[in-house]
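**Student:** Next come the chains, spelled out residue by residue.
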Amino acid sequence: MNSPDNVYFFIVPVLIFGPLFLWILYNFGIKELVKIPGELRRKRSREAAQAAAFEAERQRKRGTGAVWLVRGPNTSLFGVFMQGLTFAWFAGSIGFFASSLAYEYRSPDMALIKLSLNHAGQRKVECTTRSAKELAKLEPNMRAKLSCPRERWPVHVELELDSRVLFKESAKPAGLSTDGPSSFYKSFVVPAGQHQLTLRLRDRGDTGFGFEATQQLTIAPRQVIAAQFNAARGGFIIR
Amino acid sequence: MLNAIHYPIRRLFEGLESVFDGPFGPAWNPIRQLGTLAFFFFWIAAVSGIYLFIFFDTSLSGAYDSIAYLTREQWYLGGIMRSLHRYSSDAMVACMILHCLREFSMDRYRGARWFTWFTGVPLIWLLLISGISGYWLVWDELAQYVAIGSMEWLDWLGIFGQSVAENFLTRGSLDDRFFSLLVFMHIFAPLFLLFVMWVHILRVSRAKTNPPRGLAIGSFLMLLALSIAVPAVSHAPADLGRVPATLNPDWFFMALYPLYDLAGAGPLWALGFGGSLLLCVLPWLPPLKRAKAPVVFLDQCNGCTRCFEDCPYSAITMQARTDGRPFEMEAVVNADLCTACGICVGSCPMSTPFRRGAALETGIDLPGLSLDTVHKKINAAITEAKSSAGDRPSLLVVGCDHGVPVGGYGGHGMAPVSLPCIGMLPPSFLDYALSGDRVDGVMLTGCAQCDCHHRLGIQWTEERLTGMRDPYLRKRVPRDRLDVYWAAANESAALGQEIDHFRERLEQQKQSADGEKQST
Ligand code: HEM
Ligand code: SF4
Ligand code: SF4
Numbered sequence: 001m002n003s004p005d006n007v008y009f010f011i012v013p014v015l016i017f018g019p020l021f022l023w024i025l026y027n028f029g030i031k032e033l034v035k036i037p038g039e040l041r042r043k044r045s046r047e048a049a050q051a052a053a054f055e056a057e058r059q060r061k062r063g064t065g066a067v068w069l070v071r072g073p074n075t076s077l078f079g080v081f082m083q084g085l086t087f088a089w090f091a092g093s094i095g096f097f098a099s100s101l102a103y104e105y106r107s108p109d110m111a112l113i114k115l116s117l118n119h120a121g122q123r124k125v126e127c128t129t130r131s132a133k134e135l136a137k138l139e140p141n142m143r144a145k146l147s148c149p150r151e152r153w154p155v156h157v158e159l160e161l162d163s164r165v166l167f168k169e170s171a172k173p174a175g176l177s178t179d180g181p182s183s184f185y186k187s188f189v190v191p192a193g194q195h196q197l198t199l200r201l202r203d204r205g206d207t208g209f210g211f212e213a214t215q216q217l218t219i220a221p222r223q224v225i226a227a228q229f230n231a232a233r234g235g236f237i238i239r
Numbered sequence: 001m002l003n004a005i006h007y008p009i010r011r012l013f014e015g016l017e018s019v020f021d022g023p024f025g026p027a028w029n030p031i032r033q034l035g036t037l038a039f040f041f042f043w044i045a046a047v048s049g050i051y052l053f054i055f056f057d058t059s060l061s062g063a064y065d066s067i068a069y070l071t072r073e074q075w076y077l078g079g080i081m082r083s084l085h086r087y088s089s090d091a092m093v094a095c096m097i098l099h100c101l102r103e104f105s106m107d108r109y110r111g112a113r114w115f116t117w118f119t120g121v122p123l124i125w126l127l128l129i130s131g132i133s134g135y136w137l138v139w140d141e142l143a144q145y146v147a148i149g150s151m152e153w154l155d156w157l158g159i160f161g162q163s164v165a166e167n168f169l170t171r172g173s174l175d176d177r178f179f180s181l182l183v184f185m186h187i188f189a190p191l192f193l194l195f196v197m198w199v200h201i202l203r204v205s206r207a208k209t210n211p212p213r214g215l216a217i218g219s220f221l222m223l224l225a226l227s228i229a230v231p232a233v234s235h236a237p238a239d240l241g242r243v244p245a246t247l248n249p250d251w252f253f254m255a256l257y258p259l260y261d262l263a264g265a266g267p268l269w270a271l272g273f274g275g276s277l278l279l280c281v282l283p284w285l286p287p288l289k290r291a292k293a294p295v296v297f298l299d300q301c302n303g304c305t306r307c308f309e310d311c312p313y314s315a316i317t318m319q320a321r322t323d324g325r326p327f328e329m330e331a332v333v334n335a336d337l338c339t340a341c342g343i344c345v346g347s348c349p350m351s352t353p354f355r356r357g358a359a360l361e362t363g364i365d366l367p368g369l370s371l372d373t374v375h376k377k378i379n380a381a382i383t384e385a386k387s388s389a390g391d392r393p394s395l396l397v398v399g400c401d402h403g404v405p406v407g408g409y410g411g412h413g414m415a416p417v418s419l420p421c422i423g424m425l426p427p428s429f430l431d432y433a434l435s436g437d438r439v440d441g442v443m444l445t446g447c448a449q450c451d452c453h454h455r456l457g458i459q460w461t462e463e464r465l466t467g468m469r470d471p472y473l474r475k476r477v478p479r480d481r482l483d484v485y486w487a488a489a490n491e492s493a494a495l496g497q498e499i500d501h502f503r504e505r506l507e508q509q510k511q512s513a514d515g516e517k518q519s520t
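Chains W and U, in that order, give the protein sequences. Residue 13 in the numbering used here sits at position 13 of the first sequence; the count goes up by one each step and never skips. Residue 169 in the numbering used here sits at position 169 of the second sequence; the count goes up by one each step and never skips.
Just so you know, these hints were derived from the structure itself, not from any lab. The structure presented is a predicted model; accordingly, all values stated were derived computationally and were not measured. Wrong hints could be hidden among the right ones.
Claimed, not checked - Derived DEER-like restraints, expressed as beta-carbon distance ranges:
| no. | chain 1 | residue 1 | chain 2 | residue 2 | range |
| --- | --- | --- | --- | --- | --- |
| 1 | U | 248 | W | 188 | 21 to 27 Å |
| 2 | U | 74 | W | 12 | 43 to 49 Å |
| 3 | W | 186 | U | 248 | 25 to 31 Å |
| 4 | W | 188 | U | 178 | 23 to 29 Å |
| 5 | W | 85 | U | 177 | 46 to 52 Å |
| 6 | U | 379 | W | 92 | 52 to 58 Å |
| 7 | U | 188 | W | 88 | 33 to 39 Å |
Unchecked claim - A few chain U residues facing chain W, derived, Cβ under 10 Å:
| no. | residue |
| --- | --- |
| 8 | 158 |
| 9 | 222 |
| 10 | 324 |
Even glycine gets a Cβ: it sits at the ideal position worked out from N, Cα and C.
Extracted from the complex, chain W is given alone in its bound form (with noise of 0.2 Å):
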């Protein structure tokens, strides 16, 4: 709990939680530990006379034949030893699940290239400054000087490695009125080692590349590069 800018993260779950779970902690038995004194204690005294007697009972007739069969639980020291190698494989099973089954996620001589970017396609119509006769003919609340249909345009990405496309797509603008970004999210398993990459993006529904990088990379095993990109920065970031 070294985190003293987060505290409130854990405060509020735990004012609202916390009462539910102490209600249900009580429902499942701390009532009868708070309301121990008196009438309680005594009713559950009785109740326990009552089950050691009735226990008793059967343990009297237990395998006397005539009338009782009742077999409870085996205490005797074969059975326990039983238990014993019972809870022994019940564990191994455990055991060997939880943590000793290996499993191969990735070769180690291969590395992973994420490519992850956001970018808003440009607005498919420029804005325009409307005339005062436009302006007139709208609803008073809605006379604002600047037109701006807010539809953008999708946004394509290419992916190139050692001169062989990996990936090529376009993304649909994001949200109801297609005025947010584009996202791409997509790894890609490569071998270690040299690679050319080259990265190309276009955002505006013409047929050229409005952003293009190409990168020469060592890439070592098991190592991942990012590829990422931001107009403001000037367009793709490669790490």
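Model the placement of chain U with the ligands on the given structure of chain W, informed by the hints.
**Tutor:** Relative to the frame of chain W, chain U with the ligands by itself:
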């Protein structure tokens, strides 16, 4: 069709139960305690989790080391707590899966039980989320793998607007704030799990949430031994700039992740959602043909509350008297909660065969199998047993529809009657059969001990016969002519053997009684 699915699984469980009945005895048999064991493991995880949290550093840079400290420097307590925390959660998953399969195969999820089944489904999700979010906190390579997998999987839904997996893109992408969100998940999810566990057993009257003490001690020792022998350890620290290669996942929680790597997010969502949906509607595929719920006859009911106390599904409530008779309360049945087990009929003091009148009437009665019908069946069986006995002792066998089928125990001096639950039999009927020498012996059987299909029928029967519970078996009933043997549906051989022994005993009694008569 449904039976063809239930049957093999049920046989498997019954087989296992028989095997475990030996070393454990029915009362401690873990296969019959899967739900209570899951609860018990939850408490162990909760207590050990609170201890771990005291030492846990919730910052991204400190988390791994704080856990490593517990495992290495504080191995004698912190390390053991960590292992207990991990293994008890794993054991909980194992118990949950078996518990759910068992209730399914034994057809204890349809009809009035749908609610308990239905609320069990979110428990699967919550338990998995609780465990997986716990593994994130270690912030080792496994955490990295599981976190990225989970986030990519969530991203597929596209409901967050922006990619959540982006938070794990590369070195430096993840900030403390997002990590705190993960910590928060691991506190919130188990709390919510507990809440839903409580809802899960809301409709189960006198639900057992604690395993028997011997079993609890055994399971705890098991976890402790495992924790000492194989302490839980971390993988190498997480590094978002490196791809994890070989991992040792916890398959109890992470079995689906390799599947995700293989098949992608879409099929896995289909499996997760489709599977859950299927589980949710299972109780109605097809719905249980429900027998009619019992009806209260106010002219007989005196408001004694016994049926209310004994109903295993809280289907009976007591309300203020509506018919003006001088009693405080009367019983009311909520048909939606009722499984038509008849236990309430067995508990009503008015259910007695020693009454005059054309038809037997009682305070609460099943329309599908009225007490009067039971009375007639028993009379018929007594006549049959008597007439086929010759000079052997005659035997009435009373069983239930969920244990060994008793239909075959007819002829040669025996005759069977089967009830929906052995708890439906009022003890006065035993008095009726035995005290008046109507038959020489009565054999009672039902489901396996500690595993009554209607949950409480066996317990109430035992308590009634031993005089611990109303209505109890009268003292005058000769106990040596009554035998009780609980047997699961697959234990007909054992029941047959017990019946043979019982008849031998009855024969000896008869001979010695005859001998006494002759000598006087
Ligand atoms: C966290 C996991 C779970 C716990 C701790 C748990 C615990 C319990 C407990 C204590 C009972 C009452 C037993 C009794 O006294 O008769 C019960 C009953 C039941 N459970 Fe669960 N359960 C879990 C998960 C599930 C799941 C996943 C399902 C199925 C989807 C399920 C289905 C049922 C059913 C159908 C019953 C009713 C049995 C009856 O009425 O006879 N449970 N459970
Ligand atoms: S038949 Fe069984 S479930 Fe229905 S009210 Fe009676 S005791 Fe309860
Ligand atoms: S057991 Fe019988 S008499 Fe007692 S409240 Fe129930 S129906 Fe009425």
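**Student:** Could you tell me whether the CB distance from residue 379 of chain U to residue 92 of chain W stays inside 52 to 58 Å?
**Tutor:** Since residue 379 of chain U and residue 92 of chain W have Cβ atoms about 57 Å apart, the given range 52 to 58 Å holds.
**Student:** Can you let me know if the beta-carbon spacing of residue 188 of chain W and residue 178 of chain U is within 23 to 29 Å?
**Tutor:** 24 Å, holds
**Student:** Using the nearest Cβ pair, does residue 158 of chain U come within less than 10 Å of chain W?
**Tutor:** 9 Å, holds
**Student:** With respect to the beta-carbon atoms only, verify the hint that residue 188 of chain U and residue 88 of chain W lie 33 to 39 Å apart.
**Tutor:** Holds, at about 35 Å.
**Student:** May I ask you to test the hint 43 to 49 Å on the CB atoms belonging to residue 74 of chain U and residue 12 of chain W?
**Tutor:** 30 Å, violated
**Student:** Taking 21 to 27 Å as the stated bounds, is the beta-carbon spacing between residue 248 of chain U and residue 188 of chain W within them?
**Tutor:** At roughly 26 Å between Cβ atoms, residue 188 of chain W and residue 248 of chain U fall inside 21 to 27 Å, so the hint holds.
**Student:** Closer than 10 Å between Cβ atoms is the bar; does residue 222 of chain U clear it against chain W? Give me holds or violated.
**Tutor:** 4 Å, holds
**Student:** Are residue 186 of chain W and residue 248 of chain U spaced within 25 to 31 Å by their CB atoms?
**Tutor:** Given a distance of about 28 Å, which is inside 25 to 31 Å, the answer is holds.
**Student:** Evaluate the given range 46 to 52 Å for the C-beta pair formed by residue 85 of chain W and residue 177 of chain U.
**Tutor:** 50 Å, holds
**Student:** Go through the hint on residue 324 of chain U and say holds or violated, using the shortest Cβ distance to chain W against 10 Å.
**Tutor:** Status violated, d = 33 Å.
Consistency with the previously given hints fails for numbers 2, 10, ordered from lowest to highest.
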